[in-house]
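K.L.:
Spelled out, the chains give:
2 protein chains.
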Amino acid sequence: MRCSATLLQRLSAGMARPGLPGPPACAGFPVAATDTPALLLDLTALERNCARIKAALEPFPHVALRPHAKAHKSSAVAAMTLELTGARGVCCQKLCEAEAMVDGGINDILLSNEIVSQSKIERLCQLTARPGVKLAVLVDDAGNVSDLAREAARANIQLEVLVEVDVGQNRCGVAPGPATAALASAIVSHSPALRFGGLQCYHGLTQHIRSVAERRAAILGPVLAATKASIAACEAAGVWSPDLRVTGGGTGTFIFEAETGVFNEVQAGSFVLMDTDYTDNDAEDQVKFEPVLHCLATVMSRPLPERAVLDAGTKALDLGCGPPRVVGTKPGTATYRSGGDEHGIIDLSGAAVESDMFKVGSVVWVQPSHCDPTVNLHDWFVLHRDGIVQDCVPIEARGPGR
Amino acid sequence: MRCSATLLQRLSAGMARPGLPGPPACAGFPVAATDTPALLLDLTALERNCARIKAALEPFPHVALRPHAKAHKSSAVAAMTLELTGARGVCCQKLCEAEAMVDGGINDILLSNEIVSQSKIERLCQLTARPGVKLAVLVDDAGNVSDLAREAARANIQLEVLVEVDVGQNRCGVAPGPATAALASAIVSHSPALRFGGLQCYHGLTQHIRSVAERRAAILGPVLAATKASIAACEAAGVWSPDLRVTGGGTGTFIFEAETGVFNEVQAGSFVLMDTDYTDNDAEDQVKFEPVLHCLATVMSRPLPERAVLDAGTKALDLGCGPPRVVGTKPGTATYRSGGDEHGIIDLSGAAVESDMFKVGSVVWVQPSHCDPTVNLHDWFVLHRDGIVQDCVPIEARGPGR
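So the protein lines, in turn, are chains A and B.
Residues 1 to 402 in full-length UniProt numbering are what the first sequence lists, from first letter to last.
Residues 1 to 402 in full-length UniProt numbering are what the second sequence lists, from first letter to last.
Looking at chain A on its own, in the form it has when it is part of the complex (with noise of 0.2 Å):
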């Protein structure tokens, strides 16, 4: 049996958009009074980090800060940071993020990412030619290079195009040294359409080292010794200049990416929102970071004194990184474990005093594992500071990252 004709039909009448949902909370009101589950982005330990990364920055005066917008995916919060941190930019790792970007009115961006496909080509094309917009954008295939630069000169426009070196990811990039220099020699023949605009030297593999010794280890030799290869070989090729762009480093590791001397931006994003698997890291005090994004959840049933059940489960909460923490209890005390999609389940046969936090209608603040998948799955960041709701600001770039 096929779906009927008429059904189809009223189907049809689905393609118009519809709206995001209804912000989950109002300013003015108590952040306890918010709909769960729903993102909390506390407005001053927001202030605090970016305080933070800024004096972190300051001895090396030749490092310009690009935080990555893909962690919070909102024009709103890029545009608190860069007020913050005194960024002229932002990185963004789709197009569909940096389109956002540039409604919501920030205008400098290094797309962190390759672009391929014909359509999305053009895309990145009429978004370069918008008024204002400083659009950079990576790649580490000659192919895509000659499609980069038959769309730019079709489009009449000129891009920047920085080469991606696999400085030991192993997921996208050419190998460092003569082939980043071949490519990079590709892009400089395709001028004036396209300008060869420095490399990408980004491990995310490193950010997540424990070790603040190990961490600092894997970026001042394998990828150093990588990147300053691949300058070598851009330099020998006659394709190099000391204003060129040499980008990379993350939470885990900028301050490293900055003593290198060879580094002159970094990339840092999650620092402002920040996540339990950042938060175990080791780290030195001056890039020590507090949480600022929580996920606010409801008891929802207490069938058990020793078992509590939230309103948040994967489709509110990634666990890719681990289960969220639960604020306000002592280690052990009380465990989150999935419930499956809609549910969370916290465990509290560790517990006695924290098990009274968890009636039925209570809310509970859990800080999430890993906060980029998470902001993925949330429409609306609430904005608090003091306890009271301040502002509700919309997450326009999530989605699946077209």
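You may find that some hints are simply not true.
The following label-pair restraints were derived from C-beta to C-beta distances [stated by the list, open to error]:
#, chain 1, residue 1, chain 2, residue 2, range
1, A, 242, B, 387, 49 to 57 Å
2, A, 213, B, 122, 37 to 45 Å
3, B, 48, A, 122, 34 to 42 Å
4, A, 30, B, 2, 18 to 26 Å
5, B, 122, A, 356, 21 to 29 Å
6, A, 118, B, 59, 49 to 57 Å
7, A, 143, B, 134, 51 to 59 Å
8, B, 306, A, 236, 24 to 32 Å
9, A, 122, B, 44, 26 to 34 Å
10, B, 154, A, 122, 54 to 62 Å
Quick caveat, the hints were computed from the structure, so don't treat them as lab data.
Using N, Cα and C, we set each Cβ at its ideal position, and we do this for glycine too.
Add chain B to chain A, keeping to what the hints say.
P.N.:
Okay, now just chain B, sitting in the frame of chain A:
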């Protein structure tokens, strides 16, 4: 440093509800022209799965199918499923899903979850009061029963309320037997604001037991025993009648609940979409379903012959039940592993022929491992038939689930 008042004022403008991003495909175009990452829904396969479940339930005329909408969160897909199976209504897991279904014209809903906070109970009553809406909700707490009764009386409506029995999942629900009867009696005592509707006896953890014999034994053994004990206790308490609902079962077990002669409603929903976790269940022929849901991704990087990188990471595919499966490849020749939030890495080291499928710019179909949380990451289904896009329909109830 605090965010400036000017900036916060500007952000407040963001309170206006932005629309969803536009659909990723156009009707009439080939599926391969879809912007990626995108969720594809094979209409022909969906129709066959609906025909299969209808046929499988034909020997059980006393058992109504009430397909669970938490899997697809789309009123359009719900409408198709109801038309094709003849089912009268759906299940929802969250109040916002129920609201979206009613907005989309689906009026007969079992909200198979507890609704506990004041604002949500008010919304529940408002929804129930809408013309033509037939809605029931679960409880597992006496205080919640009183709250529902108070608000239903205030709204001048009658709420149908079922008791959730914990038949082994150890999540929400009251213990089988006397505790169930006590809560049922509490509901009855609040007549006419509340009407006792029956029992939900769902055991989610049994759905993915791989062996047919063990899955059947889990339902016909402990689940059925707990269900019968609860009905007997309700009979003894004088609150049972044969027209009350006994509801449960999912795509993995519904046929066994149907066989019991005790259940009169089954909630299978994933059969509409399917995923590798359900595909990997052993199943008798009459309840074998085929893949309907895929994620279309683009190869955005091919740094090495043995490594391709897709543009679909954990922001497009939930990996909680393992990696997605690459369509059109032999097992072990092209395996997906996480490349982080925005990338999926295809290991081609075991492949020879297939590696041509993975040129930069090629599109690749993958079958998600778990449909519910993967769908929740996306805003649109791309409906296709014979390789051509038929329509795009919004996943309007996606989100953290309020």
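K.L.:
Compare the structure with each hint and give your call.
P.N.:
Hint by hint, here is what the structure shows:
no.: 1; hint: A:242 - B:387: 49 to 57 Å; in the structure: holds (53 Å)
no.: 2; hint: A:213 - B:122: 37 to 45 Å; in the structure: violated (56 Å)
no.: 3; hint: B:48 - A:122: 34 to 42 Å; in the structure: holds (37 Å)
no.: 4; hint: A:30 - B:2: 18 to 26 Å; in the structure: holds (20 Å)
no.: 5; hint: B:122 - A:356: 21 to 29 Å; in the structure: holds (26 Å)
no.: 6; hint: A:118 - B:59: 49 to 57 Å; in the structure: holds (52 Å)
no.: 7; hint: A:143 - B:134: 51 to 59 Å; in the structure: holds (58 Å)
no.: 8; hint: B:306 - A:236: 24 to 32 Å; in the structure: holds (29 Å)
no.: 9; hint: A:122 - B:44: 26 to 34 Å; in the structure: holds (32 Å)
no.: 10; hint: B:154 - A:122: 54 to 62 Å; in the structure: holds (56 Å)
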